[in-house]
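*Asks:* Here the structure of chain C is known, so what remains is to put chains X, Z, P, B and V in place on it, guided by the hints.
Protein chains: 6
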Amino acid sequence: MDRWEPLLRGDIGKMAMMVTLLSDGREEKELVQAVRRRGYLIVTGKVGSMDPQKVVGSIESSVKRQALIDSDLYREEHALYHAMMEALLGISRGQISFGSVLRTVGLRYTVLRGLKSPNAKEEKDWIAVAMYGTIGAPAKGAEHEVMGLGINHI
Amino acid sequence: MDRWEPLLRGDIGKMAMMVTLLSDGREEKELVQAVRRRGYLIVTGKVGSMDPQKVVGSIESSVKRQALIDSDLYREEHALYHAMMEALLGISRGQISFGSVLRTVGLRYTVLRGLKSPNAKEEKDWIAVAMYGTIGAPAKGAEHEVMGLGINHI
Amino acid sequence: MDRWEPLLRGDIGKMAMMVTLLSDGREEKELVQAVRRRGYLIVTGKVGSMDPQKVVGSIESSVKRQALIDSDLYREEHALYHAMMEALLGISRGQISFGSVLRTVGLRYTVLRGLKSPNAKEEKDWIAVAMYGTIGAPAKGAEHEVMGLGINHI
Amino acid sequence: MDRWEPLLRGDIGKMAMMVTLLSDGREEKELVQAVRRRGYLIVTGKVGSMDPQKVVGSIESSVKRQALIDSDLYREEHALYHAMMEALLGISRGQISFGSVLRTVGLRYTVLRGLKSPNAKEEKDWIAVAMYGTIGAPAKGAEHEVMGLGINHI
Amino acid sequence: MDRWEPLLRGDIGKMAMMVTLLSDGREEKELVQAVRRRGYLIVTGKVGSMDPQKVVGSIESSVKRQALIDSDLYREEHALYHAMMEALLGISRGQISFGSVLRTVGLRYTVLRGLKSPNAKEEKDWIAVAMYGTIGAPAKGAEHEVMGLGINHI
Amino acid sequence: MDRWEPLLRGDIGKMAMMVTLLSDGREEKELVQAVRRRGYLIVTGKVGSMDPQKVVGSIESSVKRQALIDSDLYREEHALYHAMMEALLGISRGQISFGSVLRTVGLRYTVLRGLKSPNAKEEKDWIAVAMYGTIGAPAKGAEHEVMGLGINHI
Numbered sequence: 028m029d030r031w032e033p034l035l036r037g038d039i040g041k042m043a044m045m046v047t048l049l050s051d052g053r054e055e056k057e058l059v060q061a062v063r064r065r066g067y068l069i070v071t072g073k074v075g076s077m078d079p080q081k082v083v084g085s086i087e088s089s090v091k092r093q094a095l096i097d098s099d100l101y102r103e104e105h106a107l108y109h110a111m112m113e114a115l116l117g118i119s120r121g122q123i124s125f126g127s128v129l130r131t132v133g134l135r136y137t138v139l140r141g142l143k144s145p146n147a148k149e150e151k152d153w154i155a156v157a158m159y160g161t162i163g164a165p166a167k168g169a170e171h172e173v174m175g176l177g178i179n180h181i
Numbered sequence: 028m029d030r031w032e033p034l035l036r037g038d039i040g041k042m043a044m045m046v047t048l049l050s051d052g053r054e055e056k057e058l059v060q061a062v063r064r065r066g067y068l069i070v071t072g073k074v075g076s077m078d079p080q081k082v083v084g085s086i087e088s089s090v091k092r093q094a095l096i097d098s099d100l101y102r103e104e105h106a107l108y109h110a111m112m113e114a115l116l117g118i119s120r121g122q123i124s125f126g127s128v129l130r131t132v133g134l135r136y137t138v139l140r141g142l143k144s145p146n147a148k149e150e151k152d153w154i155a156v157a158m159y160g161t162i163g164a165p166a167k168g169a170e171h172e173v174m175g176l177g178i179n180h181i
Numbered sequence: 028m029d030r031w032e033p034l035l036r037g038d039i040g041k042m043a044m045m046v047t048l049l050s051d052g053r054e055e056k057e058l059v060q061a062v063r064r065r066g067y068l069i070v071t072g073k074v075g076s077m078d079p080q081k082v083v084g085s086i087e088s089s090v091k092r093q094a095l096i097d098s099d100l101y102r103e104e105h106a107l108y109h110a111m112m113e114a115l116l117g118i119s120r121g122q123i124s125f126g127s128v129l130r131t132v133g134l135r136y137t138v139l140r141g142l143k144s145p146n147a148k149e150e151k152d153w154i155a156v157a158m159y160g161t162i163g164a165p166a167k168g169a170e171h172e173v174m175g176l177g178i179n180h181i
Numbered sequence: 028m029d030r031w032e033p034l035l036r037g038d039i040g041k042m043a044m045m046v047t048l049l050s051d052g053r054e055e056k057e058l059v060q061a062v063r064r065r066g067y068l069i070v071t072g073k074v075g076s077m078d079p080q081k082v083v084g085s086i087e088s089s090v091k092r093q094a095l096i097d098s099d100l101y102r103e104e105h106a107l108y109h110a111m112m113e114a115l116l117g118i119s120r121g122q123i124s125f126g127s128v129l130r131t132v133g134l135r136y137t138v139l140r141g142l143k144s145p146n147a148k149e150e151k152d153w154i155a156v157a158m159y160g161t162i163g164a165p166a167k168g169a170e171h172e173v174m175g176l177g178i179n180h181i
Numbered sequence: 028m029d030r031w032e033p034l035l036r037g038d039i040g041k042m043a044m045m046v047t048l049l050s051d052g053r054e055e056k057e058l059v060q061a062v063r064r065r066g067y068l069i070v071t072g073k074v075g076s077m078d079p080q081k082v083v084g085s086i087e088s089s090v091k092r093q094a095l096i097d098s099d100l101y102r103e104e105h106a107l108y109h110a111m112m113e114a115l116l117g118i119s120r121g122q123i124s125f126g127s128v129l130r131t132v133g134l135r136y137t138v139l140r141g142l143k144s145p146n147a148k149e150e151k152d153w154i155a156v157a158m159y160g161t162i163g164a165p166a167k168g169a170e171h172e173v174m175g176l177g178i179n180h181i
Numbered sequence: 028m029d030r031w032e033p034l035l036r037g038d039i040g041k042m043a044m045m046v047t048l049l050s051d052g053r054e055e056k057e058l059v060q061a062v063r064r065r066g067y068l069i070v071t072g073k074v075g076s077m078d079p080q081k082v083v084g085s086i087e088s089s090v091k092r093q094a095l096i097d098s099d100l101y102r103e104e105h106a107l108y109h110a111m112m113e114a115l116l117g118i119s120r121g122q123i124s125f126g127s128v129l130r131t132v133g134l135r136y137t138v139l140r141g142l143k144s145p146n147a148k149e150e151k152d153w154i155a156v157a158m159y160g161t162i163g164a165p166a167k168g169a170e171h172e173v174m175g176l177g178i179n180h181i
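So the protein sequences, as listed, match chains C, X, Z, P, B and V. Numbering-wise, our numbering comes out as the position in the first sequence, counting from 1, plus 27. Numbering-wise, our numbering comes out as the position in the second sequence, counting from 1, plus 27. Numbering-wise, our numbering comes out as the position in the third sequence, counting from 1, plus 27. Numbering-wise, our numbering comes out as the position in the fourth sequence, counting from 1, plus 27. Numbering-wise, our numbering comes out as the position in the fifth sequence, counting from 1, plus 27. Numbering-wise, our numbering comes out as the position in the sixth sequence, counting from 1, plus 27.
Any given hint might turn out to be false.
Since the list gives no way to pick out one identical chain from another, each pair is judged satisfied if it fits inside one copy or across any two copies.
[To be verified] Derived DMTMM-like pairs: lysine to aspartate or glutamate, alpha-carbon spacing no greater than 25 Å straight-line: (1) Lys56 <-> Asp152; (2) Lys151 <-> Asp78; (3) Lys167 <-> Asp97; (4) Lys148 <-> Asp78; (5) Lys91 <-> Glu55; (6) Lys81 <-> Glu149; (7) Lys81 <-> Glu150; (8) Lys81 <-> Glu32; (9) Lys81 <-> Glu54; (10) Lys56 <-> Glu32; (11) Lys151 <-> Glu87.
No lab work stands behind these hints: they were computed from the structure. As the structure is a computational prediction, the values presented were derived from the model and not from experiment.
The following block holds chain C by itself, in its conformation from the complex (with noise of 0.2 Å):
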């Protein structure tokens, strides 16, 4: 136990998303250390387009290039995907375009590998992915906060 364990108690969506929440602090190192010490792959970034192919891209490339899910798998690639559109669809709010009505988002996102909830050792590997940051016009501060989590089992 750690002086973090009151924010990371708990399954691997609040976890996901606490990260995501706090990763622009100091002490985002440190929360990501807390999260490995507790068993999970761990996956931070940033990424801002006003395209979902570059949102999609991005974190793909990043998760892949740290081995988070095993690239030659494409069982591991698909669970990665659909965790990926789910939170997207949190993000537009019910449908998956940003520049095409105009708009452009700016996000955090971390994805995480392991147990769905510390004592379900059984229920093997999930895989969630939070984003978290703002959707708006291309200017600045005509924008608003968006939050979208993903889960799935990989």
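*Replies:* Okay, now just chains X, Z, P, B and V, sitting in the frame of chain C:
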């Protein structure tokens, strides 16, 4: 400033999500107080159902009872309603329907009213609705986490 | 030509909407007659419900009762059905569900059958379904206007 | 009261649609003037494109240029944006995409700002976006009418 | 190899559809046996309803009863559930709702579990859900065919 | 009657899917001939793209070139278009977008025109569009099967 500062630093949506994610612990009351000290109206609650109508009705009731919106003004109800719909799109990831496809949700929610960002006084009041919990078959353990966030001007 | 000419000049969808928008006044009968003189079959009515099924059933019934479509031909029912669905997507703006998210609609509707455009005789009959009214909470005043238009070949 | 009374009697959405439906005739200017005399801000225009982004951008530009909304307030832009999105859902009937499925739209639009209903002064300003025109293949005659209406508090 | 070879040559989804399309004839049992000889678990059935919940419940029940998935593992139920949802999106073409818009479905279905492609052993088990039947008004003849296919890793 | 009878027994949609599923083998020509002997117009083809617009354009072109529809009648193009859209909703399972979320499709398709059911002569011509193939990342093996079926009166 207080000890909650690192968690509550940021905009209205982040605060709403942070309270929702942490509101099952001992420190929920303290956290709600810390949000109030920052000048926000706040309502928290729980609802479980196979019926989106119950979720909508339950949140509307507690928000009106605690006077977070003015019940006599339709424009305030309209703002709340669309913020709830956007949060539900994140929960259901594209199709607002639970029981009709044999799923049930168990959610904690937080509704905040106040400045969109600490410094955006000219933008007046906004409303944020955060929901966090589980969706799944109506059987213990057969479920995973979901989160939704909706934000609107009011 | 008649005094309604400036209002009814144009295609089948415009006529259907014009009748729907103006059909709460004294001149509704005159307007319906003017549409008939232009060679169109026309059915008008009202329906209020929290249930899309009621809206669909009510329009189908009055359209068949007044023989705007041939009840023995599924292809005509199929054309009507998809035109209604498209109008309902305009009413509900993306998700065909009212009561399940605790809203109710009160609608006037007009169904027209005839030429798509005054000069497009080779295109044979088309069908237009226009709906106009309000959507909102089941409480007086807590509502705003909605409109939907669906057009199909028949 | 004036000769337009029978056409403009009613709420903000009906007025916006009536102007849009009738705005290709000689009497457009008179109609716009009659709306202004009732205390509404009004902007009308035309836009044709295979790209929803162009439709959104064109309306945003003319609305800001004519000061129907305060360009410095994001909350007003946010209200306009969601009203446009709702109108576009009526135009596209469920999926906001034209060119990506090889269709093009030609639209007239009207944006109104003022009271939701003539007597609802306590409800302050609302915004209505009406669009009317055609959708179809990029070839003369291969098209039919579409209409969309979006309404929001501002 | 057997006489079904030309029909069953290919991947898991094609096999599931082929069985569903042909399963009303005398040779259904033979076809099911031929699929089993290729190493797949297979469940077939029929369901008719105005209620998506009934379709989902009926398939879940027979799949669990016949042990195509391990009822004690939520991850397997989760895989089945999303494959069913994807098949239902094909059946309903965008909005998972039948009775709420006054339509009824009559479906045959096939669920297969095994290799995605004959040679993709490293990809382990996948699940395919194929549905084929009719959608229409609750009246004889007033209906047309629909098909849906959902595929997921398990 | 011929040796294809067991495969082609049934309605227009089943025939379209059967041809699509089997059309990569040696017997494709025979199968197409058997469909023609039953009185149907038939067009088959292949298309691969990250862009729904390419899929739509490719099918429209070959259908017109082979005179399955009358290019001078918009009502026939309209019928084809909506049948294609419904098939694409099955392919994309809810959101018609491939490349914009970094996926590519490789599809075979069959378009049939003729009686909805062998005995439904009074219902005149219907059109069925079947698509079958794969969707996935633009990399060999990283894909799974998809199928879509759209049916419309013409």
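*Asks:* Indicate, hint by hint, whether the structure satisfies it.
*Replies:* Verification of the hints:
1. For the homomeric pair Lys56 and Asp152, the shortest alpha-carbon distance inside one copy (23 Å) is at most 25 Å, but the shortest distance between copies (34 Å) is not.
2. For the homomeric pair Lys151 and Asp78, neither the shortest alpha-carbon distance inside one copy (34 Å) nor that between copies (30 Å) is at most 25 Å.
3. With identical chains, the CA atoms of Lys167 and Asp97 are at most 25 Å apart between copies only, with a shortest distance of 16 Å across copies and 39 Å within one.
4. In this homomeric assembly, Lys148 and Asp78 never come within 25 Å of each other (Cα to Cα): the closest approach is 38 Å inside a single copy and 31 Å across copies.
5. For a Cα distance limit of 25 Å, the shortest separation of Lys91 from Glu55 inside one copy, 21 Å, qualifies, whereas the shortest one across copies, 38 Å, does not.
6. For the homomeric pair Lys81 and Glu149, neither the shortest alpha-carbon distance inside one copy (35 Å) nor that between copies (29 Å) is at most 25 Å.
7. Taking identical chains as interchangeable, the C-alpha atoms of Lys81 and Glu150 are never at most 25 Å apart, the minima being 32 Å within one chain and 27 Å between chains.
8. In this assembly of identical chains, Lys81 and Glu32 lie within 25 Å of each other by CA distance neither inside one copy nor across copies; the values are 34 Å within and 33 Å between.
9. When the C-alpha separation of Lys81 and Glu54 is checked against a cutoff of 25 Å, the pair qualifies neither within a copy, at 28 Å, nor between copies, at 39 Å.
10. Both within a single protomer and between protomers do Lys56 and Glu32 lie at most 25 Å apart by alpha-carbon distance, with minima of 15 Å and 18 Å respectively.
11. Taking the shortest alpha-carbon separations for Lys151 and Glu87, both the intra-copy value of 22 Å and the inter-copy value of 22 Å come in at or below 25 Å.
Violation of the numbered hints given earlier is confined to hints 2, 4, 6, 7, 8, 9; the remaining hints are satisfied by the structure.
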